Every structure is written in structure tokens, then in C-alpha cells.
Amino acid sequence: MVQIHFPFVRVVLYATWAVFAFLLFCLCCARINYTDHSRDEKSLFNGEPFYDPSIVELLISSIFALIWIPVVLILIRKRSTHPIFARQWFELIVLSVLWMFWVGGAGAASTVWPSLSWCHHPQCRLLEAIMAFAWLGWIINTVLLFGSIIFAAKNRAWKDDLYDTWNWSKN
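Residue numbers (full-length UniProt numbering): 1 to 171.
What the hints contain is simulated information worked out from the structure, not anything from laboratory work.
The structure displayed is predicted, hence computed values, not measured ones.
Idealized CB from N, CA, C, for every residue including glycine.
Treat each hint with caution, since some may be false.
Claimed, not checked - Okay, the calculated beta carbon distance ranges per label pair: (1) P122 x V11: 33 to 39 Å; (2) A129 x W89: 16 to 22 Å; (3) V9 x S115: 30 to 36 Å.
Please work from the sequences and hints to get the whole structure.
Laid out in C-alpha cells, this is it:
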């Protein structure tokens with residue numbers, strides 16, 4: 001029987017989310033650069049700069065994730081026992097807030113650009129990549145959030161140290 005080491009899975013999920021958040025950050029920066037400057041091509045807004053609110057929301061979501069992920073990985077690695085930041089309930093609060101940011105940004109982007117398969121402009125490919133990484137990041141955030149909720153509820157570990165979470169053999 002294969003033994004799954006859930007704390008390792010959790011770290012891998014956080015690391016994967018960091019990669020997706022970084023890629024989303026870079027893609028959003030590229031999109032903002034495109035929308036923020038006048039362009040020679042007149043296909044969109046007659047070449048004038050414009051504001052894209054869902055991209056800004058996704059940019060902020062990725063920045064917050066890129067701040068949180070190294071913090072939680074360091075807390076796990078150093079086995080920190082900080083009275084606030086290194087507690088299970090604090091991780092759940094942060095993951096919940098990030099979940100709302102990510103689902104809001106991904107949902108807003110998907111509402112504005114529901115299907116770009118007909119468009120072959122490079123900016124359409126960029127928007128599709130943005131939506132893909134936004135939804136992939138949200139999925140990983142959801143898995144982390146629900147995994148932490150299930151662990152905390154099963155083990156009554158709401159106030160336990162962060163590094164000890166997802167250790168299913170505790171009880």
C-alpha cells in the first residue's frame with residue numbers, strides 16, 4: 001500500500017501555487033503594459049489606453065499570494081510556534097481571504113472574456129493564459145483551504161501550530 005505523506009503534499013501544493021501566482025503576476029503586468037499605453041493598432045479602444053479592472057484584481061491577488069506563500073513555507077520549514085502567524089486558524093483566515101480574491105478575479109476575467117478561441121491576436125492568447133493561471137491558482141487555493149479545514153475539524157486542531165497541520169496520523 002502506498003503511504004501518502006500529506007505534509008509534503010501540502011508543501012508541493014504551496015510551491016505549485018507560488019509558480020502559478022508568479023506567472024499570473026507576470027502575465028498581468030504584460031497586460032497592464034499593453035492597456036496602459038497608446039498603440040498603433042486601432043483594434044481595441046481605437047488604440048487609446050484603457051483600464052482593465054479584472055486584470056488589476058488578479059494582479060493584486062497574485063501579489064498577496066506571493067507574499068503569503070513564502071511566509072507559510074518558512075513557518076513550516078522552521079517549525080515556528082509564533083502565537084499568531086504560525087497557527088492553523090490564521091492560515092485558514094488568510095487562505096479564505098485569498099480564496100475570495102482569486103475566485104473574484106478569475107470569475108471577473110471569465111465574465112469579461114468568456115471565450116477567446118475565435119481571436120488569434122497575441123493579446124487574446126495572453127488573456128487566455130491569464131484566465132488559465134487564475135483558475136489553476138484558485139483550484140490549488142481551494143484544495144489547500146479545504147484540506148486545512150478538514151484536518152482542523154477532524155483533529156480539533158484550530159489552535160495547533162501551522163507546521164503540524166496535515167499530519168493525519170496525529171490522533
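Status of each hint after checking the structure:
no.: 1; hint: P122 x V11: 33 to 39 Å; verdict: holds, 35 Å
no.: 2; hint: A129 x W89: 16 to 22 Å; verdict: violated, 35 Å
no.: 3; hint: V9 x S115: 30 to 36 Å; verdict: holds, 34 Å
Checked against the numbered hints listed earlier, the structure breaks hint 2 alone; every other hint is satisfied.
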